[in-house]
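Residues per chain are reported as follows:
Number of protein chains: 2
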Amino acid sequence: MNAEIIAVGTELLMGQIANTNAQYLTSRLADLGINVYFHIVVGDNPGRLKSCLDQALERSDIVITTGGLGPTKDDLTKETIAEALGLPLVLHQESLDYIRDFFEKLNRPMCENNVKQAYLPAGCEIIPNRNGTAPGCIVRKGEKTVVMLPGPPKEMIPMFEETVFPYFEGKTHQVIGSRMLKIFGIGESEMETRIMDLVEQQSNPTIAPYANDGEISLRVTARGHDRDEVEALIAPMVQEIRKRLYPHVYSDAGETLWEVVIKLLLERGWTLSTAESCTGGMLASSLISIPGASRVFDRGFVTYSNEAKIQELGVSRETLDTLGAVSRETAEEMVKGLAERTGTTAGLAISGIAGPDGGTPEKPVGLVYVAAFLNGRIESLKLNLRGDRQRIRTVSCLNALDLLRKMLLGIV
Amino acid sequence: MNAEIIAVGTELLMGQIANTNAQYLTSRLADLGINVYFHIVVGDNPGRLKSCLDQALERSDIVITTGGLGPTKDDLTKETIAEALGLPLVLHQESLDYIRDFFEKLNRPMCENNVKQAYLPAGCEIIPNRNGTAPGCIVRKGEKTVVMLPGPPKEMIPMFEETVFPYFEGKTHQVIGSRMLKIFGIGESEMETRIMDLVEQQSNPTIAPYANDGEISLRVTARGHDRDEVEALIAPMVQEIRKRLYPHVYSDAGETLWEVVIKLLLERGWTLSTAESCTGGMLASSLISIPGASRVFDRGFVTYSNEAKIQELGVSRETLDTLGAVSRETAEEMVKGLAERTGTTAGLAISGIAGPDGGTPEKPVGLVYVAAFLNGRIESLKLNLRGDRQRIRTVSCLNALDLLRKMLLGIV
Numbered sequence: 002m003n004a005e006i007i008a009v010g011t012e013l014l015m016g017q018i019a020n021t022n023a024q025y026l027t028s029r030l031a032d033l034g035i036n037v038y039f040h041i042v043v044g045d046n047p048g049r050l051k052s053c054l055d056q057a058l059e060r061s062d063i064v065i066t067t068g069g070l071g072p073t074k075d076d077l078t079k080e081t082i083a084e085a086l087g088l089p090l091v092l093h094q095e096s097l098d099y100i101r102d103f104f105e106k107l108n109r110p111m112c113e114n115n116v117k118q119a120y121l122p123a124g125c126e127i128i129p130n131r132n133g134t135a136p137g138c139i140v141r142k143g144e145k146t147v148v149m150l151p152g153p154p155k156e157m158i159p160m161f162e163e164t165v166f167p168y169f170e171g172k173t174h175q176v177i178g179s180r181m182l183k184i185f186g187i188g189e190s191e192m193e194t195r196i197m198d199l200v201e202q203q204s205n206p207t208i209a210p211y212a213n214d215g216e217i218s219l220r221v222t223a224r225g226h227d228r229d230e231v232e233a234l235i236a237p238m239v240q241e242i243r244k245r246l247y248p249h250v251y252s253d254a255g256e257t258l259w260e261v262v263i264k265l266l267l268e269r270g271w272t273l274s275t276a277e278s279c280t281g282g283m284l285a286s287s288l289i290s291i292p293g294a295s296r297v298f299d300r301g302f303v304t305y306s307n308e309a310k311i312q313e314l315g316v317s318r319e320t321l322d323t324l325g326a327v328s329r330e331t332a333e334e335m336v337k338g339l340a341e342r343t344g345t346t347a348g349l350a351i352s353g354i355a356g357p358d359g360g361t362p363e364k365p366v367g368l369v370y371v372a373a374f375l376n377g378r379i380e381s382l383k384l385n386l387r388g389d390r391q392r393i394r395t396v397s398c399l400n401a402l403d404l405l406r407k408m409l410l411g412i413v
Numbered sequence: 002m003n004a005e006i007i008a009v010g011t012e013l014l015m016g017q018i019a020n021t022n023a024q025y026l027t028s029r030l031a032d033l034g035i036n037v038y039f040h041i042v043v044g045d046n047p048g049r050l051k052s053c054l055d056q057a058l059e060r061s062d063i064v065i066t067t068g069g070l071g072p073t074k075d076d077l078t079k080e081t082i083a084e085a086l087g088l089p090l091v092l093h094q095e096s097l098d099y100i101r102d103f104f105e106k107l108n109r110p111m112c113e114n115n116v117k118q119a120y121l122p123a124g125c126e127i128i129p130n131r132n133g134t135a136p137g138c139i140v141r142k143g144e145k146t147v148v149m150l151p152g153p154p155k156e157m158i159p160m161f162e163e164t165v166f167p168y169f170e171g172k173t174h175q176v177i178g179s180r181m182l183k184i185f186g187i188g189e190s191e192m193e194t195r196i197m198d199l200v201e202q203q204s205n206p207t208i209a210p211y212a213n214d215g216e217i218s219l220r221v222t223a224r225g226h227d228r229d230e231v232e233a234l235i236a237p238m239v240q241e242i243r244k245r246l247y248p249h250v251y252s253d254a255g256e257t258l259w260e261v262v263i264k265l266l267l268e269r270g271w272t273l274s275t276a277e278s279c280t281g282g283m284l285a286s287s288l289i290s291i292p293g294a295s296r297v298f299d300r301g302f303v304t305y306s307n308e309a310k311i312q313e314l315g316v317s318r319e320t321l322d323t324l325g326a327v328s329r330e331t332a333e334e335m336v337k338g339l340a341e342r343t344g345t346t347a348g349l350a351i352s353g354i355a356g357p358d359g360g361t362p363e364k365p366v367g368l369v370y371v372a373a374f375l376n377g378r379i380e381s382l383k384l385n386l387r388g389d390r391q392r393i394r395t396v397s398c399l400n401a402l403d404l405l406r407k408m409l410l411g412i413v
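So the sequences go chain by chain: A and B. Per our numbering, residue 2 is the first one in the first sequence, and the count goes up by one each step. Per our numbering, residue 2 is the first one in the second sequence, and the count goes up by one each step.
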């Protein structure tokens with residue numbers, strides 16, 4: 002089966018937003034074994050939308066549209082598709098009740114044009130929308146399936162996951178499951194070498210890599226008759242990959258390194274503080290964005306100047322004068338002072354040169370030292386990072402977190 | 002004139018990346034007065050690419066492709082387009098020399114298949130690529146124009162700006178210029194009311210609004226025979242908008258609020274420190290990401306716990322016990338302690354409830370206090386923000402910066 006995604010909305014053709022919906026849907030359709038050959042973006046124009054739709058119905062088994070389900074006169078996706086398929090739009094009372102209820106809960110009056118959103122093609126399957134007023138729908142016509150979803154990702158994604166994914170899963174008479182392995186501290190090519198044979202030999206489960214700034218993800222996807230069979234196919238593969246890439250797989254449930262470290266600390270009832278120079282609060286800010294962090298994170302220092310490192314963390318002036326702010330000794334003194342002053346179980350310190358300026362032949366841009374403290378023990382790392390300012394800072398934070406993760410797990 | 006953008010690349014159809022190139026190009030083509038009616042994404046498949054191309058050449062005056070100019074056998078954009086247009090590919094010696102030179106500078110051997118990148122459709126106009134090996138090109142065929150650009154945005158964007166934008170500007174026999182006004186502290190509808198007549202009456206310059214989290218941008222674009230005429234059209238409009246939206250326009254050169262505040266401090270030779278609770282280092286981290294920030298930013302505190310607020314900033318336990326961490330008094334004591342302890346000219350403090358948990362009927366999620374210190378004076382604001390954790394934190398930072406901006410400019 003192959004699919005085509007049509008995003009409808011003039012805001013996409015004015016450059017106001019990128020078509021991230023197509024990216025999301027494509028990746029999830031791949032998990033279902035459905036190939037996507039085309040993404041189309043077209044404005045709120047019935048003639049052009051109809052021409053795209055006609056073409057898509059000709060060349061693709063499944064057509065998924067996003068956008069154009071709103072209450073205004075510009076929103077014409079449903080009307081255009083219904084007409085193209087020769088189906089009347091009929092009032093779906095349950096959806097109308099839901100929309101009225103939605104506005105009541107918000108304490109806002111429902112406009113009469115919202116009623117339009119409850120009109121859906123006759124005989125369609127409704128896709129309920131928990132996060133907005135526009136229901137979606139699935140329409141079958143001969144061998145073709147058309148799925149209509151709203152544009153806002155906050156509405157579209159849950160609707161796809163809760164209704165559309167299971168719908169196609171049912172059509173394939175298979176159950177599909179996947180597990181996202183998150184990997185840090187190993188290069189993409191080194192990883193490929195270590196698991197090449199697994200990637201090449203396997204068709205069920207399949208293994209798909211995704212590379213990000215300094216991190217790699219592997220999605221392991223299996224198909225079977227039921228959840229147990231799928232899990233029985235996935236589990237040994239995950240175990241094998243974990244073994245081959247040890248100790249670099251930090252999650253097999255798609256978590257971030259931040260979430261993993263916070264969880265490990267929460268489980269132990271331990272606390273954390275941070276001292277940052279070149280990352281300037283990025284480490285603290287990312288940790289605090291994790292729910293539950295308030296029970297773990299105590300405080301953070303952004304000690305950008307030498308004076309701040311001396312006054313707030315007790316780094317010795319001699320170390321700064323002789324070895325410099327970007328040195329292993331400074332990073333270790335930062336984390337030691339941090340631990341002494343805050344009394345937290347764990348501490349992380351980062352000092353480096355994020356660039357674009359400030360590099361020298363001895364200490365080039367990308368030279369970063371990270372140090373971690375845990376229950377009286379200190380470990381540190383020297384990093385030589387490549388890339389722009391933002392990348393150097395992100396990867397520095399990841400290295401600091403991974404060092405603490407390994408200390409928490411007794412790996413280092 | 003109307004244009005169509007075809008992005009070529011299987012990675013786009015696997016969900017690995019979003020088509021941000023189309024977003025960028027669309028917005029810049031709008032500045033040229035060129036309407037974009039379709040975005041297409043197609044894989045590295047010559048048959049499907051050819052069918053998209055044929056259709057685009059039929060319905061659009063300008064076809065812009067991104068991607069598929071690489072050295073591998075999969076990269077077939079140029080070959081497919083040349084064939085569709087009936088043009089041979091010929092070696093462009095200057096491009097080949099450039100590619101050889103590019104590899105030499107990187108100290109890496111050039112693969113023989115990179116030679117393919119220097120073959121271009123006969124009679125085309127070359128688009129030099131300063132940041133990669135693949136040159137782009139512009140081909141004219143009858144009334145149609147085809148522009149081929151590489152996929153990586155770091156290569157594509159400079160090539161578009163340096164060669165393609167001026168090319169189309171020349172075709173229109175006009176010069177086009179624009180100015181980006183950045184606005185904070187006023188709602189979108191309030192802004193629209195104040196400038197509605199300008200937006201509706203004007204066709205040259207045009208005014209296009211873009212809304213972001215808590216911020217609004219207005220792009221003022223004018224066309225004329227030369228730069229002076231364009232500037233003479235833009236300047237009075239910018240002045241009029243600034244007057245009507247006073248004091249909310251913080252930049253007419255597309256700067257961020259972070260950049261503006263750093264610049265104002267740099268000009269005065271002043272320094273800044275920060276104390277953050279719910280924003281957890283986001284304010285410090287964003288400030289430090291601005292080049293030049295190291296001469297302004299001294300240090301930052303992330304005082305998440307009450308103990309940290311007392312120990313690091315000298316907030317009184319009584320204030321915390323009686324009025325709570327989220328109160329105007331706490332925010333003011335935070336910024337006062339910060340200024341006393343760091344001795345910086347300026348200081349910013351933020352304390353609030355970013356959610357999703359932690360809200361009460363008296364202090365709901367979104368309640369945030371920001372306080373600013375400047376040369377002995379303290380000002381503070383109470384905010385009631387809506388949205389998720391991330392949005393509340395971002396908008397809190399913007400409010401803190403805008404408060405300091407107004408103090409620096411003598412507006413408050």
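Heads up, some of the hints might be wrong.
Where chains are identical, the list cannot tell them apart; a pair therefore holds if satisfied intra-copy or between any two copies.
What the hints assert, rightly or not - Lysine-lysine pairs mimicking DSS-like chemistry, simulated, CA-CA at most 27 angstroms apart:
{"no.": "1", "residue 1": "145", "residue 2": "407"}
{"no.": "2", "residue 1": "264", "residue 2": "51"}
{"no.": "3", "residue 1": "264", "residue 2": "172"}
{"no.": "4", "residue 1": "407", "residue 2": "74"}
{"no.": "5", "residue 1": "244", "residue 2": "145"}
{"no.": "6", "residue 1": "106", "residue 2": "364"}
{"no.": "7", "residue 1": "383", "residue 2": "364"}
By construction, these hints were calculated from the structure, which means they are not laboratory data.
Structure-based check of all given hints:
no.	hint	in the structure
1	145 <-> 407	neither (51 angstroms within a copy, 59 angstroms between copies)
2	264 <-> 51	neither (50 angstroms within a copy, 51 angstroms between copies)
3	264 <-> 172	neither (38 angstroms within a copy, 59 angstroms between copies)
4	407 <-> 74	neither (57 angstroms within a copy, 42 angstroms between copies)
5	244 <-> 145	neither (44 angstroms within a copy, 57 angstroms between copies)
6	106 <-> 364	between (59 angstroms within a copy, 21 angstroms between copies)
7	383 <-> 364	within (12 angstroms within a copy, 45 angstroms between copies)
Consistency note: the structure conflicts with the earlier hints numbered 1, 2, 3, 4, 5.
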